[in-house]
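When you get a sec, could you build the whole thing from the sequences and use the hints?
Here the protein sequences come in this chain order: A and B.
With the working numbering, letter number 4 in the first sequence gets 28, and the count goes up by one each step, no holes.
With the working numbering, letter number 56 in the second sequence gets 80, and the count goes up by one each step, no holes.
Incorrect hints may have been included.
Put simply, identical chains are the same to the list, so a pair is met inside one copy or across any two.
EDC-like mimics (lysine to aspartate or glutamate), calculated; alpha carbons at most 20 Å apart, straight line [claimed, not checked]:
#1 Lys117 - Glu145
#2 Lys117 - Glu152
#3 Lys28 - Glu102
#4 Lys91 - Asp44
#5 Lys28 - Glu118
#6 Lys91 - Glu141
#7 Lys180 - Glu114
#8 Lys159 - Glu188
#9 Lys91 - Asp60
#10 Lys117 - Glu26
Hints listed in this document are in silico derivations from the structure and should not be mistaken for laboratory results.
Please read all numbers here as calculations on a predicted model, not as lab measurements.
Protein chains: 2
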Amino acid sequence: MELKHAILGLLSIRSASGYDLGRAFAGSVAHFWHADRSQIYRTLDRLSAAGAITTEVVRQDGKPDRKVHSLTEAGREELTDWLSSPLEVEHSKEPFLARLFFAALIGREGVERLLNERYREVNESLAELASITIKADDMTGLLQAATLRNGLIHAKAELEWLRETRQVLGIAEPPESSGE
Amino acid sequence: MELKHAILGLLSIRSASGYDLGRAFAGSVAHFWHADRSQIYRTLDRLSAAGAITTEVVRQDGKPDRKVHSLTEAGREELTDWLSSPLEVEHSKEPFLARLFFAALIGREGVERLLNERYREVNESLAELASITIKADDMTGLLQAATLRNGLIHAKAELEWLRETRQVLGIAEPPESSGE
DNA sequence: CGAGTATAGGTGCACGTGCACCTATGTGTG
DNA sequence: CACACATAGGTGCACGTGCACCTATACTCG
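So this is what it looks like as structure tokens:
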């Protein structure tokens, strides 16, 4: 279960509330993991029951109380064990490729629409990634920057592949409609 | 639900048994989707109940009976509807990046091990993909070839990124141990 | 004054997924 | 002769995931 470890990882950087973690999954780590808030709260419950985290209630004025969670030694050990364990085999699931593979049924026009839509989406997520800056002044920063660069290079490779694929299929370049 | 559509897609190419589909998911379409056999049989049940496929029992000698499934008109319509629908937003989940992001805790040696292991795995899957040949003499073939090329370019981009990342982190090239 | 949004923490529930396991037969390996 | 493996089709079950929904307060916008 990756979410558990992702949460432990985030808490290893700094203590956080469930709500904070929710923002992290919607932002800074969104390019490699996603989690619903309801899921985060449930996972925090399990981590707490397992003794991997401790919780401190912080009162605020004008805002609801925060439950700030911190790693315990057991939690840190769980995290390093996971980081040191062999990589699990990844069963890649790529919905877009699944469509394209069977897209002959919707004809050249359908395929063209599919490729253009994909181009827009990837281009958009590329712009989002490109707007992020990371202070890479220590190991943590360097690794976070490397993770971000991974997203960037795959997005660029995907766009290049889309252009090539359009050529192979004899589909014209779109007129960069509303580009930017 | 993608599996349903992937199965409809495979059946749009040719009729097949659940067992055949299992081999497809372990082979020809493995680079973009994965499915357990138990899951395939259950999905076929649902598709049958929904009238999207018909089933014919084919007796064989020396081997168990086969239940060969074929697309109905309703099934073909379901498939083209899906192919024509807007792309769903993809919540990417990349376990490897999740590890790397938090890998500062296991030190430079740990990170080195992680990157090397990743390199081996990607290199292996690249070799698998590169060994596949597809007859691209019609639209279906061209699209399948494009899908395959997508896997290839991302694998190559990943290897290149791994080499760059090793340099950025000041990790030496591995001695191409058992290079192949 | 009501609507919407941010903050904060949840519950309920349906469902897809994946692992373990089962039946049955034929063929090949040690 | 026992064992594993391919063929073929399943069942049971635990569990993670995601969507909808709920409570409560404070602030802003029209």
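Now the hints, each set against the structure:
no. : hint            : in the structure
1   : Lys117 - Glu145 : both (17 Å within a copy, 17 Å between copies)
2   : Lys117 - Glu152 : between (23 Å within a copy, 17 Å between copies)
3   : Lys28 - Glu102  : within (10 Å within a copy, 37 Å between copies)
4   : Lys91 - Asp44   : within (10 Å within a copy, 52 Å between copies)
5   : Lys28 - Glu118  : between (23 Å within a copy, 14 Å between copies)
6   : Lys91 - Glu141  : neither (41 Å within a copy, 38 Å between copies)
7   : Lys180 - Glu114 : between (22 Å within a copy, 17 Å between copies)
8   : Lys159 - Glu188 : between (35 Å within a copy, 18 Å between copies)
9   : Lys91 - Asp60   : within (18 Å within a copy, 40 Å between copies)
10  : Lys117 - Glu26  : both (16 Å within a copy, 9 Å between copies)
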